[in-house]
Amino acid sequence: MIDDPVSMSVDQTPTEQPRGHIRVEGFGLRYPTLEGEVEAVHNVSLHVRPGEFVSILGPSGCGKSTLLNALAGFLTPSSGSVTVDDEPIRGPGADRGMIFQHYSLFPWMTVRQNVEFGLKMKGKDRSTRALAARTLLGLTGLSDFEDQYPDRLSGGMKQRVGIVRALATGPRILLLDEPFGALDAQTRLIMQQILTNIWQQLKISVLFVTHDIDEAIFLSDRVYVMSAKPGGIKAEVRIELDRPREPSISNTAEFVALRARLMQLIREESLKALGGELNADALKGVSINLAGRDFSQIV
Amino acid sequence: MKPAGLPRDWQADVVVLANRTPAEPLTIETPPPPPPGPTLAVRARRWLDLNRQRLIDTVIGAGAVLVALIGWHLLSANHVDLYVRFENVPSPGQVLDATSRQFSSGAFLVHVLASCRRIFIGFALAALVAIPTGLVMGRYRLARAIVFPLAEIFRPIPAIAWVPISIMLWPTSEESILFITFIGSFFPILVNTLHGVDAIDPVLVRAARCLGAGEITIFREVYLQSALPQIFTGLTVGMGVAWISLIAAEMISGQYGIGYFTWQAYSLVDYPNIVLGMISIGALGLFSSGLIRFLGKLLMPWRAGR
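Chains as they are written, first to last, in the working numbering: chain A, 660 to 958; chain B, 438 to 743.
Read the hints as simulated data drawn from the structure, not as lab findings. Hints may be right or wrong, so weigh each one.
Stretch by stretch, here's where chain B covers chain A in the computed footprint (C-beta under 8 Å, at least three residues) [to be verified]:
| no. | segment |
| --- | --- |
| 1 | 748-757 |
| 2 | 820-828 |
In silico EDC-like pairs for lysine to aspartate or glutamate, Cα to Cα no more than 20 Å straight-line [to be verified]:
| no. | chain 1 | residue 1 | chain 2 | residue 2 |
| --- | --- | --- | --- | --- |
| 3 | B | K734 | A | E684 |
| 4 | A | K779 | B | E652 |
| 5 | A | K783 | A | E805 |
| 6 | A | K781 | B | E658 |
| 7 | A | K862 | A | D745 |
| 8 | A | K893 | A | D745 |
| 9 | B | K734 | A | D806 |
| 10 | A | K781 | B | E652 |
| 11 | A | K783 | B | E658 |
Glycine included, C-beta positions come from ideal geometry on N, C-alpha and C.
Please construct the entire structure, taking both the sequences and the accompanying hints into account.
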């Protein structure tokens, strides 16, 4: 491998300075309403070291997407600071790749045109773009689909294109907002492995937002658990499972223990987000009759 | 193996990907190529099977048109008077005679061309003004705040109601007819463009931003592209209204055009030509909206499956 000219060229790429160090300190977000200011996120501090895979786990409505949007540059924090490699974020940019839950591919562009979009914005010429897009699509098994419109692709394929599109510009960090939330369970597992592979090869810093506990454990080096109302960091859990991880890892005792711990942390927050502990007694003696059937037994 | 001339920033990424360890397969198996296709005869047979219902529907439709023609012939040839009077209504045969006479003289073609020219100019101007206005209104609050109330005031006024003012405003009747056509098609195009911009998935705009797109690019590559289906809906509706407005304007003021021709035929008690005028208007309307649909398919290949 040493005398391989390709790997030689990899060694020549600058590695002195760390790339993609995310630091969030005292991040808060408030917005005005008629009743006064509402605090959506309160005093969140977290960091992602260069090349680290970190997940944010929390119930819906806890402000995890808000945090990601601040990193992407779509909103400015009301308090605190958000930096990448010590540079404060000033608006969206191609140095931070973002992948959205609903694929967000441009339906009027072919797969290849979608992947080339970011490079076009960088002013790369036609042949450079085509070569880059073809190479990346080839490596993710999408070569046969490069001239298809996204409409024709399955959810998993669309999200693969979304990942490739975000990577094509060579971003320092990758931000993923529940990227596999709309996929079926099997596709989801495969996509998690694909993402892990890409991440291990690229050594890129990843911040991954999810509400799926298993997904967070399987993918991450560390998991931040967020609390709801207002959103804040509740716990930080280190995932010390060996890599590469196989899907069967979810049956190991370590994994099960992590799952149990995270589930406990999350449950409290989910209940808070729902508006309180379920009270089974409240429904006692209440007859629920729907479509001629008595549902009180089931409740 | 090394891709030549790639930009440095992602070159490393691609090379690393290319150089991945075999233990971590990244590629996904592609399905085998499909077996050779069936013969032409089999394909024709299958096409027939797949489109059977459509073919039957077409035959039924043609039959309905034929029945209507026969009904028309019976009613007009026998001068039926059943409260609704068919005494003076020309029969299909008479209309056919009139048509061949008109086409051989060439005078009729002058009227057709005059109308087509007016539609083209009036409609093109409307599209050229309404589409950018709608896009800008959808994108910028201030533009919307200024234009929207004005548009809502003028929109309910039918184009025909503009005829008197239009005659006063413009020096020649030709210009006032063009203006009426313009007004008629302007609002459907504007409103649909605006709806198209409103319906844009905000995630697409954010995705474009994340990929480094600036304001102008987002306007052109995201807002315009995303609103295009709705814009074409507006163009189709606008074309229909343009014809309605044009014919009305030509009937009232004008010296050429199918509307004028039709009204003149009535004044001159040349009844077959009235029907010829009507059928021509219908055919031209059908043709022009077909042209817009064709243009839409050309510009939006990504919607081919819908």
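Quick rundown of the hints versus the structure:
no.: 1; hint: 748-757; in the structure: holds (count 7)
no.: 2; hint: 820-828; in the structure: holds (count 5)
no.: 3; hint: B:K734 to A:E684; in the structure: 51 Å, violated
no.: 4; hint: A:K779 to B:E652; in the structure: 15 Å, holds
no.: 5; hint: A:K783 to A:E805; in the structure: 19 Å, holds
no.: 6; hint: A:K781 to B:E658; in the structure: 15 Å, holds
no.: 7; hint: A:K862 to A:D745; in the structure: 19 Å, holds
no.: 8; hint: A:K893 to A:D745; in the structure: 25 Å, violated
no.: 9; hint: B:K734 to A:D806; in the structure: 17 Å, holds
no.: 10; hint: A:K781 to B:E652; in the structure: 14 Å, holds
no.: 11; hint: A:K783 to B:E658; in the structure: 17 Å, holds
Comparing the model with each earlier hint shows violations of hints 3 and 8; every other hint is respected.
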